[in-house]
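Place chain B on chain A using the hints.
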Amino acid sequence: MEKKVKVYSTSPCPYCIRAKQFLKDNNIVFEDLDVSGNQAAAEEMIQKSGQMGVPVLDIDGEIIVGFDKEKIKSALGI
Amino acid sequence: MYDLIIIGAGPAGITASVYAARKRMDVIVISKDIGGQTVWSGDIENYTGYQFITGPDLAAKFEEHMKKFAIQLKENEAAAGLKKVGEKIVVETDKGNYEAKTVIVASGKRSRELNVPGEEKFKNKGLTYCATCDAPLFNGKEVAVIGGGNSALDAAIQLMRIVKKIYLINITKQFTGDPIMQEQVISSKIVTVFNDAQVNEIIGDKFVSGIKIKRSGAEETLAVGGVFVEIGLLPNSDFAKELAQNEFSEIKVNSRNETNIPGIFAAGDVTDVPEKQIVIAAGEGSKAALGAFRYLIQHKFS
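Chains A and B, in that order, are what the protein sequence lines are.
Heads up: the first sequence at position 55 corresponds to 55 in our numbering, and the numbers run straight through without jumps.
Heads up: the second sequence at position 64 corresponds to 64 in our numbering, and the numbers run straight through without jumps.
No wet-lab data here; the hints were simulated from the structure.
Since the structure is predicted, the reported quantities are computational estimates derived from the model, not experimental observations.
Idealized CB from N, CA, C, for every residue including glycine.
A hint or two may mislead.
In silico lysine to any residue, SDA-like type, Cα no more than 20 Å apart, as pairs [what the hints assert, rightly or not]: (1) K74(B) x I78(A); (2) K61(B) x Q21(A); (3) K69(A) x K206(B); (4) K125(B) x E44(A); (5) K123(B) x I64(A); (6) K206(B) x I64(A); (7) K121(B) x Q47(A); (8) K71(A) x K61(B); (9) K125(B) x D34(A); (10) K67(B) x D25(A); (11) K125(B) x N38(A); (12) K189(B) x E142(B); (13) K6(A) x G61(A); (14) K24(A) x K189(B); (15) K125(B) x A40(A); (16) K164(B) x D25(A).
The following label-pair restraints were derived from C-beta to C-beta distances [claimed, not checked]: (17) K3(A) x K252(B): 49 to 59 Å; (18) Q21(A) x T172(B): 32 to 42 Å; (19) F248(B) x N38(A): 35 to 45 Å; (20) G77(A) x S249(B): 41 to 51 Å; (21) Q21(A) x N139(B): 37 to 47 Å; (22) Q21(A) x I186(B): 34 to 44 Å; (23) D32(A) x S111(B): 20 to 30 Å; (24) N254(B) x Q47(A): 46 to 56 Å; (25) E31(A) x K164(B): 27 to 37 Å; (26) N26(A) x S111(B): 24 to 34 Å.
Isolated chain B, as found in the complex:
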């Protein structure tokens, strides 16, 4: 039985692991990836100590810091269940079961999906959640961007320089993104905006060839070779149903990062902590690790 299992290796999980290792706790980190959303961040100018660093570089620094300690790491492994049985906590993953005295859930957030027919089939076959990565592959094509917040507007702005035509499909009546970005998008000759519209299906053969949308009560098909889904983020909390969550499925924590189950802590973007920032996630990770350490000292385990 481990002293501590940390689920996730973003800024919260990695910081927690460093604190735990320095407290000489027997700790294991289980994560699908290393760096979490930090890897996907472009330029970072607000992480203290770095006036400028890119997301991949900062994630590499985090990884290097963690690997300075002999921390056990299970990469490419996803948590599937979490429960407390007596005094031990059991973490089920897609590869096995682990037991510990304490757990920190730091599993972060992921891109929200459309949940429409065709989405699964055309992932990476014309449908993408990373405009920054994949936009250049759509050179000269007609594409659709789904969403109306900052990330959707940002995707449209990046694509304006590359593609021939952009349909911006927004489910709400008006954009929620920053006005300065809205102006840039609306003033572009190649952008057509459909507000109050909904995506019903992604269609194609091997690759995307179009999308079916519904607007003003009628369905229509737009011929596009690319679909960029930018409709926000969802917490990776599905496996932690026994933990109290708020209306957004974020795990509820108190100021000590305790959840409703004693011995289980949570930190970072997966929690209901206000403001999602790399520096906040890191700080929350350290608080959770110190909390877990205190819990270990204060409780007798048979």
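Here chain A stands alone, though its shape is the one from the complex:
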């Protein structure tokens, strides 16, 4: 079954861009939440990850802070 993937990001953040590109390259469908214009998403991200750095990925409830390729791969099972 396809995993539910959310990416919390800001538009200028380089590792957010690369994380999203990585997901696209691997044909992973994800919800893109820009926390700069979306206060509710920002609070959700801070509450889930306990920190304020972007990007944060939520892969079926597994929270990954930063563009950590290996963790993302293992969470996605790819």
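Positioned in the frame of chain A, the structure of chain B alone reads:
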């Protein structure tokens, strides 16, 4: 034993790897990340061949170029030691040991830290070194920017549109950044400048709630929800203590990228080469790889 170990995968390390691969050297690249500081650069308009490209895009091009060759790559791995034992050079990392006939140190620079209590605890919990990335998360808050150079002024200018109040805390008597940026910052109603002031501590519970500073001989606490540290860069040369370094901890190289230890070369921002630019780092990386190749040919290894 490898022909060549390259430490770092920024413009210098990646260019060196491409040159080494084309010379058919047995090469391995060990790096914490790919792209180095290029990833953090905003808009780049001075890398030859690209009239305009963003930092992340150029870094992706570099990575693509490297991956065109069968270059071994150890990502998320940091060098911890470097020494020459007889004719072999040993690179220690946080995950293992590697041996080679030649090494290129291209480990670049990192953000300088404040080294005050609370800094470690509040990293990414209100304290950040990347205004470009994280500024939007501080919408409507009161924040402090630490520094007085161009990067600090640039951070303040970005934040002026987002936050409610900025304290700009500068350790020197006056800013060192460009006058045009200084004027922009000083004329803003929401910016308060404290020159000749020093940060003593970052405080808070789960997230930053304030900073303690000292100015005019007295300590005071400023209530802020964010701290942006923009106090320059430090070379990643701590693991290479056996190499001669200058007063800024940059590795000394000659015009052939040779260090004081034969067989060990260095390139890019970690070295004392004048001017730190992406195009210069790339050029230095190619020189170092060609130097290492020549060294391999000229030396007999048992």
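To see whether the hints hold, each was checked on the structure:
Distance hint between K74(B) and I78(A) is fulfilled; the C-alpha atoms sit about 19 Å from each other, no more than 20 Å. Taking the CA atoms of K61(B) and Q21(A), the gap is near 13 Å; set against the 20 Å cutoff, the hint holds. A threshold of 20 Å between alpha carbons decides the hint, and for K69(A) with K206(B) the separation of about 27 Å lies outside it, so the pair is violated. Between K125(B) and E44(A), the direct Cα distance comes to roughly 14 Å. Compliance with the 20 Å bound is thereby established for this hinted pair.
With a C-alpha separation of about 16 Å, the suggested pair K123(B) and I64(A) falls inside the 20 Å cut-off, and the hint holds. Under the criterion of a C-alpha separation no larger than 20 Å, the hint pairing K206(B) with I64(A) is consistent with the structure, at around 19 Å. For the hint pairing K121(B) with Q47(A), the CA-to-CA distance comes to about 17 Å; that is within 20 Å, so the pair holds. For the given pair, K71(A) sits about 23 Å from K61(B) by alpha-carbon distance, which is inconsistent with the 20 Å threshold.
Our distance criterion of 20 Å between C-alpha atoms is met by K125(B) and D34(A), whose separation comes to about 18 Å. For the proposed pair K67(B) and D25(A), the alpha carbon gap of about 15 Å is at most 20 Å, so the pair holds. The suggested pairing of K125(B) with N38(A) holds, with an alpha-carbon distance near 19 Å, which does not exceed 20 Å. Annotation: proposed proximity of K189(B) to E142(B) holds, straight-line Cα distance about 13 Å (limit 20 Å).
Pair hint K6(A) plus G61(A) holds up; C-alpha atoms about 9 Å apart against a cutoff of 20 Å. A distance of roughly 43 Å separates the Cα atoms of K24(A) and K189(B); the hinted pair therefore is violated under the 20 Å criterion. For the hint linking K125(B) to A40(A), the alpha-carbon distance of about 18 Å falls within 20 Å, and the restraint holds. The hinted pair formed by K164(B) and D25(A) fails the criterion: a straight-line CA distance of about 39 Å is larger than 20 Å.
Taken as a hint, the range 49 to 59 Å holds for the pair K3(A) and K252(B), whose Cβ atoms sit roughly 50 Å apart. The given range of 32 to 42 Å is respected by Q21(A) and T172(B), whose C-beta atoms sit roughly 40 Å from each other. Look at F248(B) against N38(A): about 42 Å separates their beta carbons, and that is inside 35 to 45 Å. Checked against the given bound of 41 to 51 Å, the beta carbons of G77(A) and S249(B), roughly 43 Å apart, stay inside it.
The given range of 37 to 47 Å is broken by Q21(A) and N139(B), whose C-beta atoms sit roughly 26 Å from each other. A C-beta distance of roughly 39 Å is found between Q21(A) and I186(B), which places it inside the suggested range of 34 to 44 Å. Checked against the hint of 20 to 30 Å, the pair D32(A) and S111(B) passes, with Cβ atoms roughly 27 Å apart. Judged by the Cβ atoms, the range 46 to 56 Å given for N254(B) and Q47(A) holds: they are separated by roughly 54 Å.
The given range of 27 to 37 Å is respected by E31(A) and K164(B), whose C-beta atoms sit roughly 30 Å from each other. In this structure the hint that N26(A) and S111(B) lie 24 to 34 Å apart at CB holds, the actual value being about 30 Å.
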